[in-house]
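One line per chain: the protein sequences are A and B, in this order.
Each number in the working numbering corresponds to the 1-based position in the first sequence with 109 added.
Each number in the working numbering corresponds to the 1-based position in the second sequence with 109 added.
No lab work stands behind these hints: they were computed from the structure.
Here the structure is a predicted model, which means the values were calculated and not measured.
Hints may contain errors.
Copies of one chain are not kept apart here, so a pair can be met inside one copy or by any two copies together.
Said to hold, decoys possible - Cut-off 30 Å, straight-line C-alpha distance, at most; resulting in silico cross-link-like pairs (DSS-like, lysine-lysine):
id	residue 1	residue 2
1	Lys422	Lys273
2	Lys478	Lys125
3	Lys125	Lys422
4	Lys422	Lys236
5	Lys185	Lys233
6	Lys273	Lys140
Protein chains: 2
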Amino acid sequence: MNNFTYQNTTRIHFGKGQIARLERELMPYHKIMLLYGGGSIKQNGVYHQVMQQLKAKQVIEFGGIEANPRYETLMKAVGIARTEQVDFLLAVGGGSVIDGTKFVAAAIPFDAGDPWTILSEYAKFTKALPLGTVLTLPATGSEMNGNAVITREEYRMKLAFGNKMLLPVFSVLDPETMYSLPSRQLANGVADAFVHVMEQYLTYHVNSPVQDRFAEALLLTLIEQGPALLRNPKDYDTCANVMWAATMALNGLIVAGVPDDWATHMIGHELTALHGVDHGQSLCIVLPGVMNQLREQKRGKLLQFAQRVWNIKKDDEQKGIDDAIAATEGFFNSLGIATRLGEYGISPADVDYLCSRLEARDIHWGECKNVDAECVKKILNERL
Amino acid sequence: MNNFTYQNTTRIHFGKGQIARLERELMPYHKIMLLYGGGSIKQNGVYHQVMQQLKAKQVIEFGGIEANPRYETLMKAVGIARTEQVDFLLAVGGGSVIDGTKFVAAAIPFDAGDPWTILSEYAKFTKALPLGTVLTLPATGSEMNGNAVITREEYRMKLAFGNKMLLPVFSVLDPETMYSLPSRQLANGVADAFVHVMEQYLTYHVNSPVQDRFAEALLLTLIEQGPALLRNPKDYDTCANVMWAATMALNGLIVAGVPDDWATHMIGHELTALHGVDHGQSLCIVLPGVMNQLREQKRGKLLQFAQRVWNIKKDDEQKGIDDAIAATEGFFNSLGIATRLGEYGISPADVDYLCSRLEARDIHWGECKNVDAECVKKILNERL
């Protein structure tokens, strides 16, 4: 096991009715910016439940945060929040709204130039507004970590940043808020959580049985509960189990003491930035290619994954790995997610262009920093 | 899954050399009380490493905290800490030292009468001194929770209390500090951690696959790594894996959203208070009896435990449960721990006396509050 420091201070209120915790959680604050997405929370009653808790507060609303939250949109929120001098940000939505809110939280007090540099140059910031969340779509784990991914439309770039100051003070996870989600979002969420676990698990052995088995626990749960959720999206327990698995998938716990990869995510971000592929979809396209191209480097963990997660035990190791990759892709397909670039209208020429951009950025991704533009090309070419 | 609120703010520094984090962690504090046990830290070098980090501080030492830390001893520390006006408590040791330090932390500012009432009457307290820990014996999980168990010798009572204010600010977990531990302490630690997991797992189903599989992950790890640790107590990775499993076993995570039992611990505390049986030993004596006596109530989880942890799958369910109980007792024995009361010189008359004390206290233990004095008698009588 590698050395690590682990701390996660976010207070989780999990379960039906837990939105009622907001009033008490917000007691120390006066002027609250309420950030949300396209307005679905106004249809499904979540907005009303939240506003009931905010009666005693000054509330500045900022709706319209997109999937893949855009710098351009978020800077408008930053301007309003500065003018209004809000002292707390409440994100109500999925990972995009929460990620966007984190950027707003960091950008409001940022006074060392253009806040874009927080993303483009990892510019340091020493202050951030406190934030809380009401999660309505399990997927990204953003409700219990300090990370965010932001898109800048004009540059067609999707970049990540993180800081422990951006850990939500609290997050409300009420599985009932999921009842009105469309299948596509549920499927993307399950796939996203699954791949989060894989990024922190499918690397190389460092003798870490607790972390390995925790990761496998989450994978097995998502394989079992994900398709059940799509069949019966209003089953409370299924919603709850997917929600908790997705939160645990990316809150810093399973990665403590082990290497992590993230090549699938990095490549996926490019597909989203250039072609508008949903984040979850992009991961399902890329992961089987990463598993196959890096099968030697990841051999030990691939065999363990095959055996413990898919119950595949073959004398022929290569065949076992093949079967595990096929089972993983089959799982994504069972969620209704297409896993080939062609199915999204992405051509060999598009892959060439994407890789030329990465060539220019001189990337070195993955747990061994050996996923370069050439490697990405191999990965994507087998996903056509 | 049940509703829950979960938060754990303790910062964990895990790995070799992490004692070097102390200097920075202690920067905000001025006068530090250093609490430890029988002095083994002076033999194994841990004391020296810690003192190196405390050079710039005023340090008040308080050694001599016993296994099963005694109220009488701890009140001496409280007196000194008050006189010296220390502003931080640093516990260096195992669960007993850390538990004792938590009581000291709560008792120092307590001004509503005798601090014993914190234990005997769950007296409320609203302040506590901040504390940190350097863990040297994995077992109790006290390094990452707000709970403690304290013994009052004159009453032969061992009582538990807890408060989130007593969560350590930080805990240093360096597996190398374990190298000089005697086998008996290692075995007790593994058994204690194992039973902690069982208390939060072996209850009844509430459809909680993440929590169940996390618990099984810890059980499987302890079954695999525990005996390996006794064979090779200076293997770094084995020490590390047992240490992390023991911390994760009782930090509030696996119990979030599920029922918990604790009858085995409550009964074990009586054996320790009356007969001086080691805490870990007491649990190994009691647990098989709890599993057997409550086999109907715990049937679903017992079968899952049999299958997933011990790979026992029998057509005859009662036989499967019998085998799982035997495997559990066999695991304790494989650690070198005797699991029968007679092996500790405890007689049927002793059991009668113990149960008469519980009768007087009108106990209702366990996840269904149905473990009363009569039930305890059945459990212990089959453990003679």
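Hints violated by the structure (numbers, ascending): 1, 3 and 4
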